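Between the sequences and the hints, there should be enough to build the whole structure, so can you do that?
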Amino acid sequence: MELKNSLSNRLKVITELLIFSDITDLQALCSIHSEFQKIQQEASEAKDGILAEVARISAETVQKIVLDETKTPEADLALVSKVVSSLQQIASGVDIEQVIFPPELKLPDFRAVAGNKKSVAAKDIHAKKKHDLTDTQRFSLKKRSSESIAAAIAGDPALVADFISEAHEHLDSCNGHLLEIEKVPDNIDSLNAVFRAFHTIKGVANFLNLSDIRRLAHQAENLLDKARSGAL
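Going by this note's numbering, the letters in the sequence shown line up with residues 275 to 506, in that order.
Keep in mind that a hint or two might mislead.
[What the hints assert, rightly or not] BS3-like cross-link-like pairs, simulated, lysine-lysine; straight-line CA separation at most 30 Å:
hint, residue 1, residue 2
1, K312, K476
2, K321, K278
3, K338, K321
4, K476, K457
5, K356, K286
6, K286, K345
7, K380, K356
8, K338, K286
9, K338, K278
10, K338, K312
11, K345, K476
12, K345, K312
13, K500, K457
14, K356, K312
15, K380, K312
16, K321, K380
17, K476, K500
18, K476, K338
19, K338, K380
20, K380, K345
21, K356, K345
22, K356, K338
23, K356, K321
24, K380, K286
25, K321, K286
26, K278, K312
27, K356, K278
28, K278, K380
29, K312, K286
These are calculated hints, taken from the structure and not from any lab test.
Owing to the predicted nature of the structure, the values given are computational and were not obtained by experimental measurement.
Listed below in structure tokens is the structure:
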């Protein structure tokens, strides 16, 4: 009963955000992502595997929209709305086994495939651990980065939305300055502008604990500083 009450309250928040926002409203999307993560956590604690999985997929779908990692953001947001409609049935008392989730979710197949892939991956890593470390490390880095971003969004959706928006502005500005540097390599004003952009991105990423973004921005900053000092 406690889980259903919490689910009902969180779905009300998500529904309101979906009604009054669109794919350009990063703050609202981050808040939706955060609510789905909370549903996932609460469902996991209540040992409700299906609900936890649906919430996880929904959170990842929203995260891809926020990070501009999908070519179909409108369709993905529409899918999230369909999922919310299905979850509302659970909140109203319908048994989760009787709820029909959107076919795009591919929930039954997803669970079977995921378990099979996990088993195969474990065997492959064990059999080829001396030769396949690069792929393993790549997966680990991607997983860590995704978890870091998800944690930041859950911690402060508004701040992350602002960071993403401002980072896009900084990068757009960098493109113009880099084109100018390509024409005039010793244009110190443009070089300083690019340096300041990466310095700002690094600082905010560090504050949000987005370690991979901070590390990459720091490396770019070091490279640009060498150019400013004449070492490059």
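Cross-check of the supplied hints:
1. K312 / K476: 28 Å, holds
2. K321 / K278: 13 Å, holds
3. K338 / K321: 26 Å, holds
4. K476 / K457: 27 Å, holds
5. K356 / K286: Distance ~14 Å between K356 and K286 Cα, so the pair holds.
6. K286 / K345: 28 Å, holds
7. K380 / K356: 13 Å, holds
8. K338 / K286: 22 Å, holds
9. K338 / K278: Judged against 30 Å, a Cα distance of about 27 Å means the pair holds.
10. K338 / K312: 18 Å, holds
11. K345 / K476: Judged against 30 Å, a Cα distance of about 27 Å means the pair holds.
12. K345 / K312: The given pair, whose Cα atoms are some 26 Å apart, holds under the 30 Å limit.
13. K500 / K457: 19 Å, holds
14. K356 / K312: 19 Å, holds
15. K380 / K312: Roughly 22 Å separates the two Cα atoms, so the pair holds.
16. K321 / K380: Satisfied, since the Cα-Cα distance of roughly 21 Å is no more than 30 Å.
17. K476 / K500: Between K476 and K500 the Cα gap is close to 17 Å, so the pair holds against 30 Å.
18. K476 / K338: Given that 30 Å is the threshold and the Cα spacing comes to 22 Å, the pair holds.
19. K338 / K380: With Cα atoms ~18 Å apart, K338 and K380 stay inside 30 Å; holds.
20. K380 / K345: Holds. K380 to K345 sits at ~19 Å (cutoff 30 Å).
21. K356 / K345: 19 Å, holds
22. K356 / K338: 17 Å, holds
23. K356 / K321: 24 Å, holds
24. K380 / K286: 25 Å, holds
25. K321 / K286: 23 Å, holds
26. K278 / K312: Roughly 13 Å separates the two Cα atoms, so the pair holds.
27. K356 / K278: With Cα atoms ~18 Å apart, K356 and K278 stay inside 30 Å; holds.
28. K278 / K380: 23 Å, holds
29. K312 / K286: 14 Å, holds
The structure shown violates none of the earlier numbered hints.
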